Amino acid sequence: MFLELENITIGYQSALIKNADAALSLGEVCLIIGNNGVGKTTLFRTVLHQIPALSGNIRIDKKDIKTFSTKEIAKYIAMVFSKPQVPAHYTTEDLISLGKYVHYPYYFELEKKDKEEVQHIIQNLNLEPYKDWSLQKLSDGNLQKAFIGRAFAQNASVMILDEPTTHLDEENKIIILKLLRDFAEKYNKLVLFSSHDWRLAKEFADKIWFIKDHTLHPGVAEDILISHQDLAAPFLFNMDQYFIPPVISAPLLEKEFLYSALQKNFKKDLSSFQFSYKNPFWEISTSEFVHQCRSFEEIIHFLRKRS
Amino acid sequence: MKPGFKPLCAAIVILAVITIMVNLNVGFISLSLSDFFSDSGHSQIAQIRMNRILVMALAGISIPTSGFLLQEYFQNPLAGPSVLGITSVASLSVAFYIFFFHDFALPEFLQNGFISIAAVTGSILMMLVLISFSNTFQDKSFLIIFGFLVSALAGAVVALLQLYADNQSLKNYILWSYGANQQVSNYQLIILSVIVFIGLMVSFRTIKPLIGNTLGIQYAQSFGVNLTQLKYLIIISSSLLSASVTAFLGPVLFIGIVVPHFCRMIWNPAQLWHQWILNMLLGIFIMELFSVISELIQLPLNVITSLFGIPVILLMLIKSRR
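Those protein sequences? They're chains A and B, same order as listed.
To convert, take the position in the first sequence, counting from 1, and add 1; that gives the numbering used here.
To convert, take the position in the second sequence, counting from 1, and add 1137; that gives the numbering used here.
Be a bit skeptical, because a hint or two may be false.
Derived DMTMM-like pairs (lysine to aspartate or glutamate); straight-line CA-CA distance at most 25 Å [said to hold, decoys possible]:
#	chain 1	residue 1	chain 2	residue 2
1	A	K132	A	E112
2	A	K187	A	E129
3	B	K1368	A	E73
4	A	K203	A	D214
5	A	K208	A	E172
6	B	K1345	A	E73
7	A	K269	A	E298
8	A	K63	A	E29
9	A	K114	A	D133
10	A	K132	A	D115
11	B	K1456	A	D133
12	B	K1345	A	E117
13	B	K1345	A	D115
14	A	K269	A	E299
15	B	K1143	A	D133
16	B	K1345	A	E110
17	B	K1368	A	E110
18	B	K1345	A	D133
19	A	K84	A	E129
20	A	K72	A	E164
21	A	K265	A	E298
22	A	K72	A	E7
23	B	K1143	A	E110
24	A	K72	A	D62
25	B	K1345	A	E112
26	A	K256	A	D241
27	B	K1143	A	E112
28	B	K1143	A	E117
29	B	K1345	A	E118
30	A	K265	A	D198
31	A	K19	A	E7
32	B	K1143	A	D115
Derived list of chain B stretches under chain A, where covered just means 3 residues or more per stretch with a C-beta under 8 Å from a C-beta of chain A [unchecked claim]:
#	stretch
33	1346-1353
34	1356-1365
35	1394-1406
Just so you know, the hints here were simulated from the structure itself, not pulled from any lab data.
This structure is a prediction, so every number in the text was calculated from the model and none was measured.
Idealized CB from N, CA, C, for every residue including glycine.
Chain A extracted, bound-state conformation:
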């Protein structure tokens, strides 16, 4: 195990996460989920040794992080923060070169071998056409790629990313997530990232750390999702307490959509209804009648008329 949390409690004055035990090895991708303010960023900062843990130990490569200076930690962990400050004069290439910063003790000008590595990263990220662009002109997707490229260039065993997919469109989210997974697999690195897009991100993560009520639940991604039904069953979302869903027998997607259509339109008990999807129409039945509808519009219309 490369990164180990042992009975760790983190937070500032009061504890945010208590007595967490978790471990990850190289080559793994781990997704951290939890609501805003549960302590995801605090956890990252604790792992970076920027703030002390309230109790417990964190080990990287079997060594306690308390024995590391922040400079030494930078050789193990590369960070990608959310909401970065974008420097006015930097080009994409300058930013990615900055990844090599921690490897130069005093003077900072790239050696030939590092320059080639930076060019290689630029090509891998498909940023070649933008390498001389000012960062401020880049699209959000390419800017995020450039910041991730900087972390690649740091050549650390662990990469931690704080919400790398926020503000991105679906296509760019997938590009970024795929990039992270490839990176972990190809170079045997450990990637730890937080995201609220967990429905998408779970497709790219081996492990999930789910933080709720000051507790960290670590495990294989799907195990964590299935054992926390409030996460795994998004179609059970309910805006109103008076809404009681009907019996629905349909494939997953149709089921989710029907639930969504019903729960926002009908604040009442629908448990006497039975819905079943007989492609291409829905069959609505009660003890009294059977009715067929071809669209959600028809279903809503029908139910409104009946009440």
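Knowing the structure of chain A, use the given hints to seat chain B on it.
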């Protein structure tokens, strides 16, 4: 293909050497080469001009470097030595000295010496205040606000002093603030070079952490940059560099903002080591050039730098609005 860094430096050095040569030859009396080396009738004037060249070179090194460091640290292209309030407190203590202690019958050379001491003392006091306060306030924008307020206060006190000052003192103060005090003795020159040298040594230590600081505090911390140490180094080096020159030349404004900006236009602004060197070289060239102009049209140095500097800053502002 962009030209390399070394040819660029060489070109600036050549330009600087030419202006220095010209500068040696402007003035009321034309000198021959022998005046600089042998004990001829004009060798005293030659000595004065040599010192002028050296003072200008030192100013050209220190003011732009100080401005460059502050701009990089605050990530604000309009930051300069005057931003931290150092120049204005230096001016204030000079004003105090000129307006209150002018009655002491001191020999001329001591008089000038005391002005310098007053300015350096003022700057160092301000520096100490900044260091002690910066510990309680972590936010770096606080430093700018604090510097601005102190500048305004110092300016008000100076204005008050001017209102009640007698004519001779007022004239002395205004002459100093014009940067007209270009005749510097050997002794003063040595003090100036020592302070500038120390300031440069300290500034050398700030460049690497400044590079790590470009992406903001979070990233700087994750790179292992010691931010507290960086803050101290920036305050010490920029105030030493600007204080020394302020003491001898009066508040030389705008060079500290304009030169770093020019350097960013002619070379990749992300390469701070190169920028640091470039600032010194271009600074020497521009100060020597201004000194020549000042000699030719007989106007005080600070008037020249403002006349040339302010339009450039205005252009920068207009450009950055787009």
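These are the hints, each one checked on the structure:
1. A:K132 x A:E112: Holds. K132 of chain A to E112 of chain A sits at ~18 Å (cutoff 25 Å).
2. A:K187 x A:E129: OK: K187 of chain A and E129 of chain A at ~21 Å, within 25 Å.
3. B:K1368 x A:E73: Since the Cα atoms of K1368 of chain B and E73 of chain A sit roughly 22 Å apart, the hinted pair holds (cutoff 25 Å).
4. A:K203 x A:D214: 21 Å, holds
5. A:K208 x A:E172: 23 Å, holds
6. B:K1345 x A:E73: Distance ~16 Å between K1345 of chain B and E73 of chain A Cα, so the pair holds.
7. A:K269 x A:E298: 18 Å, holds
8. A:K63 x A:E29: 17 Å, holds
9. A:K114 x A:D133: 20 Å, holds
10. A:K132 x A:D115: Holds: K132 of chain A and D115 of chain A sit about 16 Å apart, inside 25 Å.
11. B:K1456 x A:D133: 21 Å, holds
12. B:K1345 x A:E117: Given that 25 Å is the threshold and the Cα spacing comes to 22 Å, the pair holds.
13. B:K1345 x A:D115: Holds, at roughly 18 Å.
14. A:K269 x A:E299: Holds, at about 19 Å.
15. B:K1143 x A:D133: 22 Å, holds
16. B:K1345 x A:E110: 10 Å, holds
17. B:K1368 x A:E110: OK: K1368 of chain B and E110 of chain A at ~23 Å, within 25 Å.
18. B:K1345 x A:D133: OK: K1345 of chain B and D133 of chain A at ~23 Å, within 25 Å.
19. A:K84 x A:E129: At roughly 24 Å apart (the allowed maximum being 25 Å), E129 of chain A and K84 of chain A satisfy the hint.
20. A:K72 x A:E164: Between K72 of chain A and E164 of chain A the Cα gap is close to 24 Å, so the pair holds against 25 Å.
21. A:K265 x A:E298: Satisfied, since the Cα-Cα distance of roughly 13 Å is no more than 25 Å.
22. A:K72 x A:E7: 23 Å, holds
23. B:K1143 x A:E110: 14 Å, holds
24. A:K72 x A:D62: With Cα atoms ~16 Å apart, K72 of chain A and D62 of chain A stay inside 25 Å; holds.
25. B:K1345 x A:E112: 16 Å, holds
26. A:K256 x A:D241: 19 Å, holds
27. B:K1143 x A:E112: 17 Å, holds
28. B:K1143 x A:E117: The hint holds at about 22 Å.
29. B:K1345 x A:E118: Holds, at about 21 Å.
30. A:K265 x A:D198: 23 Å, holds
31. A:K19 x A:E7: 11 Å, holds
32. B:K1143 x A:D115: With Cα atoms ~21 Å apart, K1143 of chain B and D115 of chain A stay inside 25 Å; holds.
33. 1346-1353: The restraint on the stretch 1346-1353 of chain B holds, since 5 of its residues have a Cβ under 8 Å from chain A and three suffice.
34. 1356-1365: Contact hint for the stretch 1356-1365 of chain B vs chain A: holds, 5 residues under 8 Å.
35. 1394-1406: Satisfied; 3 residues make the cut.
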